[in-house]
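2 protein chains.
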Amino acid sequence: MDEQQAQASRSRRPSGRDAKRAARTARSAAFVPYITRKIPYYEVLTTEGLELLEHNADTILQEIGIDFRDDPDSLQLLRQAGADVQGERVRFPRGMCRTIVQKNAPREFTQHARNPARTVVIGGNRTVFAPAYGSPFVRSLDEGRRYAKIEDFRNFVKLAYLSPHLHHSGGTICEPVDLPVNKRHFDMVYSHMKYSDKPFMGSVTHPERARNTIEMAEILFGNEFHDPVTGKPKTCIISLINANSPLTWDATMLGALKTYARANQATIVTPFILAGAMSPVTVAGTVSQTLAESLAGMTLAQLVNPGAPVVMGSFASSLSMQSGAPTFGTPEPALVLYCMAALARRLGVPFRSGGGLCASKIADAQAAFESANTMLPTCLAGVNFVLHTAGWLEGGLSMGYEKFVMDADQAGMMHTLLEGVDLSENGQALDAIREVGPGKHFLGCAHTQANFQTAFYRSPIADNNSYEQWEAEGAMDMAQRANVSWKKQLAEYEAPPLDPAVDEALLDYMNRCKAAFPDSNV
Amino acid sequence: MDEQQAQASRSRRPSGRDAKRAARTARSAAFVPYITRKIPYYEVLTTEGLELLEHNADTILQEIGIDFRDDPDSLQLLRQAGADVQGERVRFPRGMCRTIVQKNAPREFTQHARNPARTVVIGGNRTVFAPAYGSPFVRSLDEGRRYAKIEDFRNFVKLAYLSPHLHHSGGTICEPVDLPVNKRHFDMVYSHMKYSDKPFMGSVTHPERARNTIEMAEILFGNEFHDPVTGKPKTCIISLINANSPLTWDATMLGALKTYARANQATIVTPFILAGAMSPVTVAGTVSQTLAESLAGMTLAQLVNPGAPVVMGSFASSLSMQSGAPTFGTPEPALVLYCMAALARRLGVPFRSGGGLCASKIADAQAAFESANTMLPTCLAGVNFVLHTAGWLEGGLSMGYEKFVMDADQAGMMHTLLEGVDLSENGQALDAIREVGPGKHFLGCAHTQANFQTAFYRSPIADNNSYEQWEAEGAMDMAQRANVSWKKQLAEYEAPPLDPAVDEALLDYMNRCKAAFPDSNV
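In the order they appear, the protein sequences are chains R and B. Everything in the first sequence is counted per the working numbering, starting at 1 for the first residue and increasing by one. Everything in the second sequence is counted per the working numbering, starting at 1 for the first residue and increasing by one.
Be aware that a few hints might be false.
Given that identical chains are not distinguished, each listed pair holds provided it fits within a single copy or across any two copies.
[To be verified] Taking lysine to aspartate or glutamate pairs in the EDC-like style, the calculated list, with each CA pair at most 20 Å apart, reads:
#1 K38 <-> E425
#2 K38 <-> E48
#3 K158 <-> D187
#4 K440 <-> E63
#5 K158 <-> D503
#6 K440 <-> D250
Bear in mind the hints are in silico, worked out from the structure with no lab data behind them.
Next up, chain R with everything else stripped away, as it sits in the complex:
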């Protein structure tokens, strides 16, 4: 058979009734609260290579040091723990950070959701997919690009809630620019609590806003917030703490980090690096610097509250050396990702990176190539917490409605990939080959009948039909199909049940807090 004759098989299809039954089954497939991988990690470096990069990170920490800016409290803690503090520059004796982190930080931890069926485990061989984070703009085929509003924020919380392939509600899914800067965190956190029952992220733009997030979580979880045995708060919030690379932590991020760490809430300690500007133009240099910065931040969290859950984060883009613009989906950040994941495993902490990153402004081929070239390494490397899984456009400046649907579909494919190869007797399928034999086809055989409802990942937005059928249906591209999908999903959305008394208490808390100080946009 010639390869161009692929279409011939289309006439040998299952009956329409079979297909409908299969589609129903696929839709009701069991939701998993997080992925437990069954395939090996991809390791790009040998142990010797990783040891070299660890050695270099320690050299950076010891010789050059890290600036902790405008935060005497942190400097004091670090000095007491044995660091050499000169002004705001902190130098760490070789091995100090690694020892403190390994001695105290949990290898994995549970982040509770208000619906216990959605509670996630972060670390080890688990992968958790969360939406993209932080865009001031949104984009859709209908409206093009415009500033994000709280309505968009709610929409994306709903879409993330509806996706069986996203495990987490995320954090600042987009910036609700229609609300005052100093109060919008209330509405964001409330939206996660009200419109989803998946776990969520907290505010980090001010220590006080971190405190508000924790207090709202206490209201939401009620008696469940504290562990009945230890009396300690359960981990119900995870939050993104970015370094100011190179080699700098600032007071705002440190304040939020310490607030969450003291309350036993998780932090993702992430150097956010555009390589070439904020780190050297090489993969190995970027990796060593990222490890050093993250180690310093995680060390502080462990000094504040030994055992507080931390995630080592890495966000690396390479700069276009022609234009100075960040680029995504290129090979160098993928190499950084593989290295960092391996280093996190050696350190023994959960790892955050990756997602559907792209520089493209629209959900076109560029966006898809770049996103896939980040998402597949994310999964093969073994990222535990995948921020920016869905919606990311334009280097994070824009959250795309159609892109969100596409990326959630890709996340679904990753579920299947991480399941690996079924080597059971049914998976081996020797009986099927025996039954069919040379020159026949497998569509009607007993093994196919028994398995076709669950066989093969099914994309809800890929078009695999014949050219003629595709044309008859309007010759739509994937973005147009995704546009139909998100509108239909939002139209059919139903909120997960929330105790009206809790809802009222949350609204009351928000309104009291908001009334206590004037609106501001700084």
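We have chain R already, so just place chain B on it with the hints.
Only chain B this time, still in chain R's reference frame:
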């Protein structure tokens, strides 16, 4: 720094003059005739898993057997070698095929190009990228989809020649439907010889057409065609031999296989499988069947001419069990690919698979997601000969001009990925971090100045500019930029030099052959 502030770094860009100089350098980067990988293979199964699948392949070969249709000559060869032949059904004692292939087939081989600088090594840790193969249609933004012509064929040969990221001219890049079926192979082979100096593939649609290809290669290579020491023909042609799965080889393909093998020309022995129709609906079942079919074909090649170069091929798509249509870029074929590459390494023969496969009709996000989800596994798995690297659309029914440019760009990224991580002192870049220190940026530092011209892969068609600049330049999607690119490339194309006497001899041979029998479209 918040992640949405990525754009801030754009103001800290290198000067325009620097950027132009860098772009010139990037353009003149040394062409490599093939990739020598420096990163590990990704292995999805353990040794025990692979042994199980090998055992099952042997069970298929022994119990069920393979049909060799309408080819008494092959049946006779197989019987003499120890197979059990009943009618056209051939059953192989356990281990027979493996033993014959391992004893005779080369682990790697050289395919010569008329320009020795383009000669490729196929096998081991090398990767060779060849264009897509076999489409009856072409597609461009200008003309939409229409039947392919010989002019399109020449255009794609030229584009493949011009791409520094494609190592091979390919074969039936598209079907020149404007030429008679029984003579178009002359024009296809001539186009590869005339418009490119990269290695190429031969005709397989009839043993006589395989002979024509070999005779034209003898004219093209002249005294270089035979090894001066052994007197044997050098391997100057590689050709695609597809099984008629399940478990069937037909006379046309076997005839071409034997013709090439006798002349020491390479064959890619490939089960072409739409899983669910032509193999079981499972990964493990599809892998065992593919291995069995390929082993049987390679065994025949070794019986015809021991030592003839063969490549184990795998082409696997999963069927949509809803519509019966083939799907691409889904996780199951990627798992098949990882397994097959590992099995080829264990067998000790080169491996062919992968490429930029997709079901999408157009070069949209679907095409890109699917292609990347095939191409990245292709490279991580360690495919030696990558057919369908560039241009593939619509399950192979259409060759896309814009898609070709996009895929060639992706192939360029794979060059960088397979280079791995530079752990030299310059790669480690500790001095850069020492020079810059906390809170500064790396754009002007000595290490960046020394390295920025070669740092980071540069896509010629990705747009990484600011939203405002992108909009001012026409808000083009990647397909539109690719459209500009291929037209510019074809306008600037210059043919590689070819001895006029050789050209005349090729044309004379073609014309004599064509005149000897009437045109036919069967």
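- Please work out whether the CA atoms of K440 and D250 approach to 20 Å or closer within one copy, between two copies, in both situations, or in neither? Answer is between; shortest inter-copy Cα gap is 14 Å, intra-copy 68 Å.
- Query: Between K38 and E48, at a C-alpha cutoff of 20 Å, which is it: within one copy, between copies, both, or neither?
  - Reply: between (26 Å within a copy, 15 Å between copies)
- Query: Given identical chains, is K440 near E63, meaning Cα to Cα at most 20 Å, within a copy, between copies, both, or neither?
  - Reply: between (70 Å within a copy, 17 Å between copies)
- Message: Reference check for the pair K38 and E425, CA-CA at most 20 Å: within, between, both, or neither?
- Response: within (18 Å within a copy, 37 Å between copies)
- Task: If the cutoff is 20 Å on CA atoms, where do K158 and D187 land: within, between, both or neither? Let me know, please.
- Result: within (14 Å within a copy, 58 Å between copies)
- Item | Same-copy or cross-copy closeness of K158 to D503 [CA-CA at most 20 Å] | within (17 Å within a copy, 66 Å between copies)
Hint violations for this structure: none, all hints satisfied.
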